[in-house]
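Given the coordinates of chain A, assemble chain B with the ligands onto it according to the supplied hints.
Chains as they are written, first to last, in this note's numbering: chain A, 95 to 384; chain B, 18 to 272.
Some hints here could point you the wrong way.
To be verified - Here chain A is said to cover these stretches of chain B; the calculated rule only asks that three of the stretch's residues, wherever they fall, bring their Cβ under 8 Å from a Cβ of chain A: (1) 49 to 60; (2) 94 to 103.
Claimed, not checked - To give an idea of the interface, some chain B residues facing chain A are shown, with a C-beta separation under 8 Å as derived from the structure: (3) Ala69; (4) Leu71; (5) Thr107; (6) Phe109; (7) Arg110; (8) Thr111; (9) Gln116; (10) Arg161.
Hint data in this document are derived by calculation from the structure and do not stem from the laboratory. Ideal Cβ positions, reconstructed from N, Cα and C, are used throughout, including at glycine.
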Amino acid sequence: MVNSVIAGLTSGGVYALLGLCVVLTYRLVAVVNFTMAAVGAMGAFVMVSLTDAGVSAWLALPVGVAAGAALSAALGAVLVRWFGGHGQNTKAAVSVALYVALMAVGLRLFGSTTTGAHSFPRPFDAPVFSAGSVVVPQSALVSLAFAVLITAGVGLVLHRTRVGLRLQALSEQPSTAQVVGIAAPRLALVVWVVIGAVTTLVILLVAPRLGGDFSTLGKLINTALAVAMLGAFRSLPLTLAGGLVLGCLEGLSAAVEAVQQYQGVVPFLVIVVLLWWRSRHEVWDTAHSR
Amino acid sequence: MSVPALSLKDVSIKRADVPVVHGVSLDVEPASVTVLLGANGAGKTTLMDGIAGLARTGGGTVELDGHRVDKLPTYRRAQAGLAYVEQARTVFRTLTVEQNLLVSQTGDRGPEAAYRLFPELDKRRTLQAGSLSGGEQQMLVLGRALVSGPQTVLIDEMSAGLAPVVVRRLMRAVTDLVELGIAVLLIEQFAHLALEIGSRAYVLRKGRVAFEGACADLRDDSARLHAAYFGTAQPHGGPGPADRPRPDAAESERP
Ligand SMILES: Nc1ncnc2c1ncn2[C@@H]1O[C@H](COP(=O)(O)OP(=O)(O)OP(=O)(O)O)[C@@H](O)[C@H]1O
Ligand SMILES: [Mg+2]
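One chain only, chain A, in its complex shape:
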């Protein structure tokens, strides 16, 4: 039981990280980014393809991360250049289309669920410590620490650095931000690059646990969007908490026999209830502006 919850924490940290990336993309460049997990999976598969071919992991890792970052930047450039003047709905729709295309290309390149499971490196499988039957694997701590680090780090950058202030200004009032001389397209591209790199790392972290096929990893975007929703597409700490809670619930429902077969549904039920509870006093239109 406790072990399942701890295993859930590993996923929880990952869910939180993915949710954070969705929230940040939404806040900073105003795109609900459906492509994110697929982009990270692309980067991750570039890396395993290299290690499969005998390249050392220390070389393959930066190449994979750079590939994820570059792909993300390319998609960002498409959205900035051709859809910069369009509303959020259009951009979200474009990102869904890109997601579908990426999944098709990814499946073609890297194989499907049955044929394409790669063995990802598992650097964090060793237990940190075990007390009785309770085992805490390194991966749980690493994903937790990564999630907390990113949440705090992003908060610090946004509030304490000139670039962060400019990003906030851009997020609040894009046109006025440009009026005061903020180079919006370049800043947006930086955001896309960073999101692509971080997502690739996160996908690499979770890939060994999920079996390591492209389709499963790309579809993590569903969970990421759910977590982002828990943070109302705005609050970083709430998103972090949401991801962790979701992970633990998933672990818990795997352990309790009565609900085991509904494992996939339980977290989403909880999300619906939480969202309903939180928005009980809100008027949807006004409360959910960016």
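Just chain B with the ligands, lined up with the frame of chain A:
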């Protein structure tokens, strides 16, 4: 004569495919206030949006300090020395006063320059800009413009909805900008206040320049001002008090 800080030649601008500004030419000299007047919907804001790059100009040229900028994106024009105080009092509401200033700072002129211009803001440094009064927000927008180190500042109706005493305070700040060598293009609903501090004036009517000359000429001749605004020779009873930008609207008429 020196190169104008800002020079428009034959600029036309459409809004949602409807032509709004037609072939406007205008010069703004360094270290002076140039006043841009005109009735509601004459196209003043549209013209400024075109200068700043927020609206696309079709035909004609816009030069800053002798360099063409009409093909540049908005932020590049800002970096080239143009600041724009927009009509809607556009502070970054979630940032503090100081952060608003830091965001636009490009050179050595930091937030302190804005606090010198408006000591009122000094005490408010750490407050969120969204919590300031309308007058303070307008001061912040002006201060933010100053901190960006501009050669030319466009100001669009900064006095809208503000108390007379605040309006006069803002007008004084505009003359302070001029003393720093900055060129100002000023849209102002209280025409007489603008004409007091301005040297040249342009009046737009239906997107065209209907009058161009010295501010002094309009200041002392309200019939002429009225003619330039509305294209009629004589001021008459008019369509009533809702007709907002009366050229001779007096600040004393405001509460
Ligand atoms: N975004 C827009 N889309 C379509 N038409 C617009 C837009 N903005 C302004 N217009 C039209 O362009 C014309 C000029 O508007 P503009 O705001 O430039 O006038 P103005 O001189 O600034 O008026 P005011 O004194 O009310 O500020 C008006 O007829 C207006 O209806
Ligand atoms: Mg206007």
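Hint check, Thr107 of chain B versus chain A [nearest Cβ-Cβ separation less than 8 Å]: Where the cut-off is 8 Å and the nearest Cβ of chain A is about 4 Å from Thr107 of chain B, the hint holds.
Hinted contact Ala69 of chain B with chain A - closest CB pair below 8 Å: Holds, about 6 Å.
Interface hint outcome for Arg161 of chain B [beta carbon to chain A under 8 Å]: For Arg161 of chain B, the interface hint holds, since the closest Cβ of chain A sits about 6 Å away, which is under 8 Å.
Restraint check, 8 Å cut-off on beta carbons, for Thr111 of chain B near chain A: holds (6 Å)
Chain A contact restraint on Gln116 of chain B - CB to CB distance below 8 Å: Interface hint status for Gln116 of chain B: holds (5 Å vs cutoff 8 Å).
Interface hint for Arg110 of chain B, Cβ within 8 Å of any Cβ on chain A: holds (7 Å)
Minimum beta-carbon distance criterion (8 Å), Leu71 of chain B to chain A: Given a least distance of 6 Å, the restraint on Leu71 of chain B holds.
8 Å C-beta test of the region 94 to 103 of chain B against chain A, three or more residues: holds (count 5)
When the least beta-carbon distance from Phe109 of chain B to chain A is tested against 8 Å, hint result: For Phe109 of chain B, the interface hint holds, since the closest Cβ of chain A sits about 5 Å away, which is under 8 Å.
Coverage criterion applied to the region 49 to 60 of chain B (partner chain A; beta-carbon cut 8 Å; 3 residues): With 0 residues close enough to chain A, the hint is violated.
The structure fails hint 1 only (numbered hints given earlier).
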